[in-house]
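A.B. asks: Read top to bottom, the protein sequences are chains D and P. With my numbering applied, the first sequence has no gaps in its numbers, which climb one by one up to 341 at the end. With my numbering applied, the second sequence has no gaps in its numbers, which climb one by one up to 341 at the end.
I should point out that these hints are in silico values taken from the structure, not numbers from a laboratory. Hints are all accurate, no fakes.
Any copy, or any two copies together, can satisfy a pair, since identical chains are not distinguished.
EDC-like mimics (lysine to aspartate or glutamate), calculated; alpha carbons at most 20 Å apart, straight line:
#1 K78 to E203
#2 K50 to E203
#3 K110 to E53
#4 K316 to D75
#5 K80 to E203
#6 K50 to E169
#7 K262 to E251
#8 K110 to E41
#9 K155 to E169
#10 K316 to E77
#11 K271 to E251
#12 K280 to D75
#13 K98 to D83
#14 K151 to E169
Please read these numbers as outputs of a predicted model, since none were measured by experiment.
As a plain string of letters, each chain reads:
Number of protein chains: 2
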Amino acid sequence: MDIKKRVLAARKLLEANGLGCFLLSSREDIFYYSGYKASEGNFLIIDKKQKPSLFVSPLENDAEKIKGVDLVYLTSGDRLIKELKGKLVGFDESNLKSWTFLNLHRRHIRLKKSTKLIKLPREVKTEEEIENIKAAIKISRKILDRLKFYNKTEIEVANTIEAGFKINNSEAAFDTIVSNGSSSIHHLPENRSIKKTEPTIIDFGAKYNWYCRDITRSFPGSQKKWKLVWENVKNIQEQIIDNVKPGIKMEDLQNLYKKLMGKNRYKIYHSFGHGLGLEVHEQITGELKEGMIITVEPGVYLKHFGGIRIEDDVLVRKGKAFVLTEKI
Amino acid sequence: MDIKKRVLAARKLLEANGLGCFLLSSREDIFYYSGYKASEGNFLIIDKKQKPSLFVSPLENDAEKIKGVDLVYLTSGDRLIKELKGKLVGFDESNLKSWTFLNLHRRHIRLKKSTKLIKLPREVKTEEEIENIKAAIKISRKILDRLKFYNKTEIEVANTIEAGFKINNSEAAFDTIVSNGSSSIHHLPENRSIKKTEPTIIDFGAKYNWYCRDITRSFPGSQKKWKLVWENVKNIQEQIIDNVKPGIKMEDLQNLYKKLMGKNRYKIYHSFGHGLGLEVHEQITGELKEGMIITVEPGVYLKHFGGIRIEDDVLVRKGKAFVLTEKI
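Isolated chain D, as found in the complex (with noise of 0.2 Å):
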């Protein structure tokens, strides 16, 4: 991982922003900018000069084995605020806890929101960071290849997905769905078999080495009905993608779906897609760029009967849309 560069990258916000430092306190941001798995309630500093500062709970002596940073033990909050005194602070204003919010604004930390300009870096992804989430698109292939549905129960094959998840050495990145005949969009899994009379949502990520993929496959079951909202969803698909190239921005690919789902007289249940890269849901700013990755995912639903909804991963590079799920 090239950690050098994205402290690099973090300390020209600082300076282009007029910030004292960053304090960085989610896990995918951490392991980000130092290579570091971390876990809940650790934070990283960096500043214009110093190496980054480490916290980590006495606990996780494995972070000794991490370069390129000074080690902190967390047993009191006071090095903390060391650190952080007398420079203007961007923290991450969707993660940090508001307990220790407040405990730096009772000890005078001046802070700044800054969320937003923390993830900027993360919104194009490097040849690693795609080879990972490319690795974590291969093992979901190996287990939808594999899935047996019709009669089991949806929490069987949202566990059975989950195992094959960690069997092939990843993780699930979110909750896996699996909806027979519902129109819930984010439904969990319930003890009712899988009908083919109904349609059935798949939609499941692995997350590998941190990376995640997320991706949905419908299958729209013995109806006629669902097969035609199938073909409308899958046409409706392509056509975004058609749109995905570098200039283009994520409102825009919004207003398309909208106009897309408006000629086939569908209601707009959520957005056409989100970045992804650590975290399943990653911020675009601005205009795509060379180098990021988003998800391509209309859906259409029947409140009560059900719904169809395509997923896929798609991979801004030379010019166009490159579908890295395409094969799934």
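Use these hints to put chain P onto chain D, whose structure you have.
C.D. replies: Only chain P this time, still in chain D's reference frame:
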């Protein structure tokens, strides 16, 4: 689940502490007080009279099945503000993100740190909760009985355990620790083979129906030295467990732990144990009471050589300690 009783307990705490309502934000608290298997970003407001209000994303349509709450789809923060306005709001500072805290503050919501109060009713477990934890323990027994770990890598063994959780309709309560010849307490499993010449720690926890158990087994391996350490740790654990009873405090047990470790000239690296329930680490305030569940986990580590930790889950019942994990 006796949700009504729990809400009633929360209301008594509101009265006794001069609060207008609680704003719950952790997934576990929302589940405890509403029965809804909450997602990150959900909220539950419990006030003195009205039905609790459950705030979820518009994607979580399954929440419509939850009885006894007013369901609100979070599209903007306005409805949340409206319900909190004019009341003194007890919030969970250990969980609430600073982003939300700052937004509420900006809208002149009066906030009071209340983590301790919110988690108080969760300290004593009902029969139903104990049954869930027992189910999680049963799954662990099944997995450990079949586990072979010598000459496999730490990562392989951790993955086998976690796949086992999924196959048995449960999940990992925390990242499984498999540690051979390492003195790191929260060791991250590595890609190296487990040797019988070094001691091995396996610290793993199944989560069943959202309830966790947490257990550590250590295998001294072929060295006499470590076999002796194992005996000593087991002995220390038994002496602590003998003292677990209603009326004793966690601090008293910690002092006993210090005394017993001191007698053997062992250095203390972590506390003797912690509360257990919906979370792996739960608050226990004041004296132990009937129905509380704690872990007892003495550990001895020799830097760079390895360690022995033995952890069991203990229920306070009928005036004494009942070891839930005895047969594992």
